[in-house]
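Enquirer: Listed below, chain by chain, are the residues.
There are 2 protein chains.
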Amino acid sequence: MSKQFTLKTPKGTKDWDGKDMVIRQRLFDTITSVFKRHGGVTIDTPVFELREILAGKYGEDSKLIYNLEDQGGEITSLRYDLTVPFARYVAMNNVQQIKRYHIAKVYRRDQPAMTKGRMREFYQCDFDIAGQFDAMIPDAECLSIVVEVLTRLQIPGFTIKLNHRKILDGIFTFCGVPEDKVRTISSAVDKLDKLPWLDVRKEMTEDKGLDGDIADKIGEYVQLKGTVAEMIAKLENDKLMENETAKQGLEDMKTLLPYLEAYNISSSISFDLSLARGLDYYTGLIYEVVTAQSAPPAEGEKKKKKSKSNDDDNSDNVGVGSIAAGGRYDKLVGMFSTKKKGEIPCVGISFGVERLFSIIKSSKIFDDLRPTATQVFVMAFGGGPEWKGFLAERMHVTKMLWDAGIEAEFMYKQKPKPQKQFEAAERSGCPLSVILGQEEYAKGEVKVKVLGQGDQADQGVDVKLEDLTSYVKKTLSTLNVESLNLN
Amino acid sequence: MSKQFTLKTPKGTKDWDGKDMVIRQRLFDTITSVFKRHGGVTIDTPVFELREILAGKYGEDSKLIYNLEDQGGEITSLRYDLTVPFARYVAMNNVQQIKRYHIAKVYRRDQPAMTKGRMREFYQCDFDIAGQFDAMIPDAECLSIVVEVLTRLQIPGFTIKLNHRKILDGIFTFCGVPEDKVRTISSAVDKLDKLPWLDVRKEMTEDKGLDGDIADKIGEYVQLKGTVAEMIAKLENDKLMENETAKQGLEDMKTLLPYLEAYNISSSISFDLSLARGLDYYTGLIYEVVTAQSAPPAEGEKKKKKSKSNDDDNSDNVGVGSIAAGGRYDKLVGMFSTKKKGEIPCVGISFGVERLFSIIKSSKIFDDLRPTATQVFVMAFGGGPEWKGFLAERMHVTKMLWDAGIEAEFMYKQKPKPQKQFEAAERSGCPLSVILGQEEYAKGEVKVKVLGQGDQADQGVDVKLEDLTSYVKKTLSTLNVESLNLN
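Here the protein sequences come in this chain order: H and G.
Just so we're aligned: the first sequence equals residues 1 to 487 in the UniProt record's numbering.
Just so we're aligned: the second sequence equals residues 1 to 487 in the UniProt record's numbering.
Identical copies go unnamed one by one, so any copy, or any two together, can satisfy a pair.
Below, computed lysine to aspartate or glutamate pairings styled on EDC-like, alpha-carbon distance capped at 20 Å: (1) 415 x 134; (2) 105 x 81; (3) 14 x 81; (4) 105 x 17; (5) 474 x 403; (6) 331 x 60; (7) 388 x 251; (8) 415 x 252.
The set of hints was computed from the structure by calculation and includes no laboratory data.
With these hints in hand, go ahead and build the complete structure from the sequences.
Expert: In structure tokens form, the structure reads like this:
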């Protein structure tokens, strides 16, 4: 019967189980409750889309898209993110305004680095606001959502790096970057979080053929960062403002500033001109959230690693990267629309679950969680050769508990030994046992006993069968046991 | 900018949104809470598996598997169900015992029939018990879970059709079906829920070349059904019991009977010898749950439809089919194991979400649900040319509510008109408004007003800003508003 199989999950994917699932569910619940607090509705789009929907949206990263085989029907691909399917949904249904959240898996044929939480199949938790609104109001709300989610998740020391595509584009034009080099120079700038300026400059001039003077001029701007108020003061009177695009970007930042203060989130934000973000579709504000764990290793550490093959990217001392990111994309919905008024401005934020999970798990705040929700273990003790094990009786009592909404288990054995039943109860980690004794059960009584008391072992309380469920509920509430029934 | 796109989701898939998402989430929550009550832990496996894992598990249905393109890596396919990935997980991790549940999407390139809830991408909610246990105890628990879930979902008039693969195989052998015809004859028998016996007999004899006498002998058995107790009594002394396999199956049913009575679920079960189930991997008990809505149309109705093309299978008067199904599969884990002791017996139940959803939605019990959870709409009224619209103030007050865990919204406009704000509040369906008036706000006060009171319009109560969140919480609790925050 047995065959020689490669028993594994596909590269870059994994099974989630045990305590990890419980922690991750907590993560989803926390994020969902913040999204709902902001009036979000949720949608669920298919895991694959027509391939033409995804085409031309991801720049160089398009090569990472998973394609489905042509099996004589439509040509489809797995979704790469939740943003493009959202834009397709908005255009297709002619939605004029929506705040939607979506928590689901996305797929990228990237080089996996499992310990850092970089997977080929991974969850994103997205919140997006679509519609024509007064400037920067939805943008500020997305930034507030970042702070609210990460505060509730107790993520230590996070920073929102903020920039504006128009300011960045303005810098490139103003410094004299040729039109056809803007994207590639932009992607070089984006590496400033991992590389020193001189390395980035070298990439610009040697690899990408940019004039050294232009690079130096860019360098003066993209190394600037500070609070939003500081940066506005710095840029306001800079000659960069001769550039109309940059000026528009700065106006947005000025509009944004009082909103950040109203939400009391300014201190979490760093206006950082080096932030560029790879995706093609951003048109305004862009942001990326980092923590101490996001950072790459110190220079010395990195050099040591450099000789290692690219495939072996599982080293622990590489940062997990950004834990959330997003921005404004005003043209994406319009790309799906043939209508004149088809353009619906959008702004959104996406949380990376696997990375947040890595941080939360290492913080050990969830160490007390159990994977099951079991509260009661139902046992039977008896003796003598006639004793049949009380299986039907255990089933009957367990069913009473289930019907009352109480999580309960018993041993799947006709005649289990007392010791085996206690061991099974202990493994489940449940706090209470209900014990069916031969004589007591005949009188319509069972014993309820608190488990895990060690030497001060509870001797148990005799309870009438008809009072059992209410007695168990009362006892569980006084025990103050954390119910893992997350609903 | 705009292009000519086919704006649609792939065939057999759809976007879920609005109220439907809220109803479906309720469905998941109810099912999950029952699964947890039975001590289930959850796992999450990748949406695609190595193709060789899925090979040889689904019989003729294998042609419905979605393959991913070979992009120079591994050969993979989308999962067809959650059972085979579960068995792969059990074998790969050498799990000896587990009760696991898994709620996730599966993929089948079937002929879609959207109105009946037959999709190419659809959710399954599975509960499975793996491990070596005393006979029929986990099987009985799976049947109890069916009753508990459907009772909590208020599904009217459901029946669990129950059969045993060994009895069915015994019937075929006993009646003289040649070994190589057993599977095809079995699949003909399975059609007895849709076709009269004479049509099935015709298929056996004319299409599949079975001897007419053998078909008639089969017909005597497979048209039998009744309660488990009745059927045991009927079969016990039948000459079919000369067949050892059938006898083993009946022994199982005898063991099962008192467990069904202990769980008080016998009345929901019909022991039906015509139930065969298509999948290859079942080895023992098999079951399928039907309701009034599962049934196909009456004969006359069906005939009228017959001339229509197979592609247009969206007619409303076709039954949704079974709403849950499952059985015992003792050999599946062993197929993934090279170890001698690699065989782990399993039994499970799978609920079809889309079909349950169709029934629940048509029952209209969730008609009062709102898609958002918004409880408070924050507005500002003012006048005079100097009035700036109190945007930052509205943001500040809304943020206070968010931080207190209260779902709140405001209008994304610098200077919104009062009327527009009330309309937006009404659209959101939220029960309370907080109104910022120019003079009151200067004194540190806002007005809290109950919405949707019609003629008996609440005049509102002045509340100090520092008391706002506690006042709002208190008011919401007295309003007894159903919070849709499903966590």
